[in-house]
Amino acid sequence: MTDFNKAIKDLEKLDFKGMFGDDFFLTWEKSEDELKAVWAVADALRALRERNISTKVFDSGLGISLFRDNSTRTRFSFASACNLLGLEVQDLDEGKSQIAHGETVRETANMISFMADVIGIRDDMYIGKGNAYMHAVADAVKEGNEDGVLEQRPNLVNLQCDIDHPTQCMADAAHIINEFGGLENLKGKKIAMTWAYSPSYGKPLSVPQGVIGLFTRLGMEVVLAHPEGYEVMPEVEEVAKKNAQASGGSFRRTNSMEDAFKDADIVYPKSWAPFAAMEKRTNLYGEGDMEGIKKLEKELLEQNAQHKDWACTEDMMKLTKDGKALYLHCLPADITGVSCDEGEVDATVFDRYRVPLYKEASYKPYVIAAMIFLSKFQDPVGLLKELEEKGTKRVLR
Amino acid sequence: MTDFNKAIKDLEKLDFKGMFGDDFFLTWEKSEDELKAVWAVADALRALRERNISTKVFDSGLGISLFRDNSTRTRFSFASACNLLGLEVQDLDEGKSQIAHGETVRETANMISFMADVIGIRDDMYIGKGNAYMHAVADAVKEGNEDGVLEQRPNLVNLQCDIDHPTQCMADAAHIINEFGGLENLKGKKIAMTWAYSPSYGKPLSVPQGVIGLFTRLGMEVVLAHPEGYEVMPEVEEVAKKNAQASGGSFRRTNSMEDAFKDADIVYPKSWAPFAAMEKRTNLYGEGDMEGIKKLEKELLEQNAQHKDWACTEDMMKLTKDGKALYLHCLPADITGVSCDEGEVDATVFDRYRVPLYKEASYKPYVIAAMIFLSKFQDPVGLLKELEEKGTKRVLR
Amino acid sequence: MTDFNKAIKDLEKLDFKGMFGDDFFLTWEKSEDELKAVWAVADALRALRERNISTKVFDSGLGISLFRDNSTRTRFSFASACNLLGLEVQDLDEGKSQIAHGETVRETANMISFMADVIGIRDDMYIGKGNAYMHAVADAVKEGNEDGVLEQRPNLVNLQCDIDHPTQCMADAAHIINEFGGLENLKGKKIAMTWAYSPSYGKPLSVPQGVIGLFTRLGMEVVLAHPEGYEVMPEVEEVAKKNAQASGGSFRRTNSMEDAFKDADIVYPKSWAPFAAMEKRTNLYGEGDMEGIKKLEKELLEQNAQHKDWACTEDMMKLTKDGKALYLHCLPADITGVSCDEGEVDATVFDRYRVPLYKEASYKPYVIAAMIFLSKFQDPVGLLKELEEKGTKRVLR
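As they're listed, the protein sequences go chains A, B and C. With the first letter of the first sequence counted as 1, position 356 gets the number 352 in my numbering; the numbers rise by one all the way through. With the first letter of the second sequence counted as 1, position 209 gets the number 205 in my numbering; the numbers rise by one all the way through. With the first letter of the third sequence counted as 1, position 22 gets the number 18 in my numbering; the numbers rise by one all the way through.
Hints were generated in silico from the structure; no laboratory data involved. Just so it is clear, the structure is predicted and the values come from calculations on it, not from any experiment. Heads up, a few of these hints could be off.
Identical copies carry no separate label here, and so any pair may be met within one copy or between two of them.
Once the Cα atoms are required to be at most 35 Å apart in a straight line, the calculated DSBU-like pairs of lysine-lysine come out as [said to hold, decoys possible]: (1) LYS138 - LYS317; (2) LYS290 - LYS258; (3) LYS294 - LYS13; (4) LYS199 - LYS320; (5) LYS5 - LYS138; (6) LYS386 - LYS138; (7) LYS258 - LYS294; (8) LYS290 - LYS2; (9) LYS138 - LYS314; (10) LYS125 - LYS199; (11) LYS386 - LYS52; (12) LYS317 - LYS389; (13) LYS138 - LYS199; (14) LYS2 - LYS304; (15) LYS138 - LYS320; (16) LYS291 - LYS276; (17) LYS258 - LYS389; (18) LYS9 - LYS125; (19) LYS291 - LYS389; (20) LYS386 - LYS294.
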């Protein structure tokens, strides 16, 4: 059972005033206290739900989801978070082929937001576009509210962009906080965020970038490992370096998976596409050069295939701390012999960590709900206490 | 802030008994009092929401939406209206290629309506079909309720048909009532409902028809302007003429945009397809003559292109009353140099009216909610007062 | 009006403890008392709704629907049932082309279920797969709950599988119980579950199988009739035989529609594909043999066409008890001269039974809701009484 009182006590010590009325784009735009507030509110909401206490703080209102790509898990996580708080989800699927911009974004954002309290967006496909698009939407509805068009300002939650995947990484962090018995116990722990081979192509960079951007703030020893040519966005590496310095942790990059796994407490082996290639692809899409895209895909698959040895095998796991590093993944993983012939992880490794992996994912709806909660309510502590006192049953029984 | 007490006082003077248990197809099938009741209830609901008071009058129940065409804005407006009242939306997308009829309509209408309190339909593509289809659905569920199949009669809201676009035009009207400081101030005001060039093809006639059918009832000077060959349905022109006579306003048609804009208080420049062409297209679809449709499209685009001078330019705006007519549009507009090379309106004109245009759109969810409210409740005034007294918070805070 | 007190009294006599926390796959896996409990709870919920009393027992929570095939009616029935109880529906459409399995099913089932209280699945296309898939999902979320991944165990409702269509057949039964004035009056009544000609191909076997598997438990004389070659699954025939023996009814198979209709109290003429052909088709899909599938379809349509005399005509109806047997169908029916040239039933027969047919369908949302209710609540009787006493209005008025 999650500890409600601990969560409230934690919250009472934190300064998160800045989150009220604001959006959530990137974890490194938030203060440490604000991140801690997300975890604490997530815990508090979970604790109430575990005790069958309703956390419906909206009697009506919409949560708008905007997906620029197919997404089952993120869709359900967002829908779950909205439902938990009493918002009804309306999906807006624009299709991944279109990149709307300018006037259209401003207008559409307002037209769908008359009753919207929150907007969740996933737009991770195009380098330099996803986060920018989210800002365009957020600016549009902020302005719409100021101009008297919208009665409320819908706050934005980044459900994955080209730069960061904050709801995933905050859920990952909540998971390891729980596994290691507290945030303070993460200090000095080594995490290997490493590339791994996958037979599929063009996986987004937002997870590795999000992980190095967030975990360096927790005083951890963060090692980013990938073959040459699989660099992530240089700006995010800079963020990671600065974060590590400030938190007393460390950040370094290596081209050896073994180096990264050596004595690691946590490993996060996962495929991604090289930043430069993703940028090139974005431009090709912009130019409508489908031939060029096809050619690039072929090249990238061939490039991937040169690094099949980058896999989280049983042998690799033996290199980690006591051979027992915690294995993380955002799921779905490419499991060797299960979902593909050769992939990111051995089936036996994956199997051993299935329950923790599922638990890792279980934090996401609560993290999203917490982000919404903190953006919409001026006194979250008071409101959470009120919910507990009222004790409205979630399920009558 | 919207004035709740004024809305209630207005309602208390009106006779709208006929709306209880009834559907909403065309504005000219409703009495003036009934239209006023829609605006008043829309205001009352908005006033309550602005004060964070819940207007959830349904504890459960479904609002069914039936779209025969893609639609983001109307979908969200209907979803917003339903959510505001406590109904959960279920979409039924039939695809625009199929025109269901007869037995199928009756059966499907009943099968999806066991828990439905309201059905919203958009079917604007085919002349002579859309409104007829709505009536078939409404008749089917009325009969289903009388036969004991349905425990309640779901009432129908026309979300756009081949004849009228009542939720749009009622929202347009609510907007100008607000902008001009009251319904009484609209008497004698000149509105130019004019065709405008667009590079796209086959835009529905429901907006111009809805506008001349509604605004002639408000004692306004309504001028319909279009190039020769862009006639709207003759029956609706007849309606407009009779309305004008009864209301002390006027209605006339002209083939000169300048004539219409001259001294106008309000302009509504918007593209549409000629009625005769839409009728032809409907028949071609009926015959499955895709070659014929392609040919017709080409012809229509060429015909459009002969009238590129029909645009709401800065020069045209100067012709209007003090050069400051209120610019209306149902959105999205074809903006010259923004959404197309040459379109309905200059970018600078559109920019100047963006905030009012967005506000115009903001009335639609409330207008839809008001139509539902008036169809479902025998004593709307009493219920609105009860909601205010109870003062249940929409958002806990 | 449905009788609430009778429903409660019925429930008080029944033993349905086993349903709490359990899934609903096949009617013959449930005891007679359990089936009666479904009908009684369905009646109780309907009675409350008829009196405008809310049956919202969930304040929040999701009902997940998983459709492996397009489905309007089942989708709306499930959505209606969830809405009635306070659950919000989230659809997961996987597309009918993919048969997910193993790891993927386990993972997806958990990932979408963090806030799910119920999962409804329709998967009727592939012999040997649909029911198995449902069990895989149910096992996955049961395990997820035991492992602490899911805070609640979502219970599964079979919305149609390759073996049974329990929500349809339970609704059919509720209908005839009502038409014949009580379950006890069904004893000895003859029902003809017969094949009928349809110009379409590959209709599922779940309805005829569900009907013979359920109605044989009610002490009825169940006759299954079809042309040679249209056999249903042999296992289900075995179930029907055993059921009949236990209930004092009877079950037999005939290749004569006349034989089945002779003196029947109830007729259920409906097309289906031969079991063996469906099995072959499943294998062809598994092998991706699209040529083979095409060929099989052609063969089956030709086979069907040899049995156009298997139709529920006026002449056939004259053979039934007093010429007035109750006509059942799961809808939509292939009506001769209406939805096709030659089909399952004469238009005049269908017309005469339209209202009862629609009523038959109206039981389905309540049957689904009852299945959910009985799986989620330990003391359904107490809860139903509580709902009645509280008397929260469904619609404020």
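Verification of the hints:
1. Taking identical chains as interchangeable, the C-alpha atoms of LYS138 and LYS317 lie at most 35 Å apart only when they sit on different chains, with a minimum of 33 Å there against 48 Å within one chain.
2. For the homomeric pair LYS290 and LYS258, neither the shortest alpha-carbon distance inside one copy (38 Å) nor that between copies (56 Å) is at most 35 Å.
3. For the identical chains of this complex, LYS294 and LYS13 are neighbours neither inside a copy (49 Å) nor across copies (59 Å), given an alpha-carbon limit of 35 Å.
4. Taking the closest pair of Cα atoms, LYS199 and LYS320 come within 35 Å of each other only inside a single copy of the chain (27 Å); across copies the shortest separation is 53 Å, beyond that limit.
5. Taking the shortest alpha-carbon separations for LYS5 and LYS138, both the intra-copy value of 32 Å and the inter-copy value of 34 Å come in at or below 35 Å.
6. When the C-alpha separation of LYS386 and LYS138 is checked against a cutoff of 35 Å, the pair qualifies both within a copy, at 33 Å, and between copies, at 31 Å.
7. For the identical chains of this complex, LYS258 and LYS294 are intra-copy neighbours only, at 33 Å inside a copy versus 62 Å across copies, given an alpha-carbon limit of 35 Å.
8. Taking the closest pair of Cα atoms, LYS290 and LYS2 never come within 35 Å of each other, the shortest separation being 53 Å inside a single copy and 64 Å across copies.
9. In the homo-oligomer, the alpha carbons of LYS138 and LYS314 lie at most 35 Å apart only across protomers (32 Å), although the nearest pairing inside one protomer, at 51 Å, exceeds that limit.
10. Taking the closest pair of Cα atoms, LYS125 and LYS199 come within 35 Å of each other both inside a single copy (16 Å) and across two copies (32 Å).
11. In the homo-oligomer, the alpha carbons of LYS386 and LYS52 lie at most 35 Å apart both inside one protomer (11 Å) and across protomers (19 Å), since each shortest distance falls under that limit.
12. Taking the closest pair of Cα atoms, LYS317 and LYS389 never come within 35 Å of each other, the shortest separation being 44 Å inside a single copy and 53 Å across copies.
13. Proximity of LYS138 and LYS199 under a CA criterion of 35 Å is satisfied in both settings, with 32 Å inside one chain copy and 32 Å between copies.
14. In the homo-oligomer, the alpha carbons of LYS2 and LYS304 never lie at most 35 Å apart, since the shortest distance is 45 Å inside one protomer and 68 Å across protomers.
15. Taking CA atoms no more than 35 Å apart as the test, LYS138 paired with LYS320 passes between copies only; the shortest distance there is 27 Å, against 48 Å inside one copy.
16. Proximity of LYS291 and LYS276 under a CA criterion of 35 Å is satisfied intra-copy only: 12 Å inside one chain copy versus 40 Å between copies.
17. Proximity of LYS258 to LYS389 under the C-alpha cut-off of 35 Å is found in neither arrangement, the shortest distances being 49 Å within a copy and 55 Å between copies.
18. For the identical chains of this complex, LYS9 and LYS125 are neighbours neither inside a copy (37 Å) nor across copies (55 Å), given an alpha-carbon limit of 35 Å.
19. Proximity of LYS291 to LYS389 under the C-alpha cut-off of 35 Å is found in neither arrangement, the shortest distances being 57 Å within a copy and 57 Å between copies.
20. Taking the shortest Cα distances, LYS386 and LYS294 never come within 35 Å of each other, neither inside one copy (59 Å) nor across copies (64 Å).
In summary, the numbered hints that this structure violates are 2, 3, 8, 12, 14, 17, 18, 19, 20.
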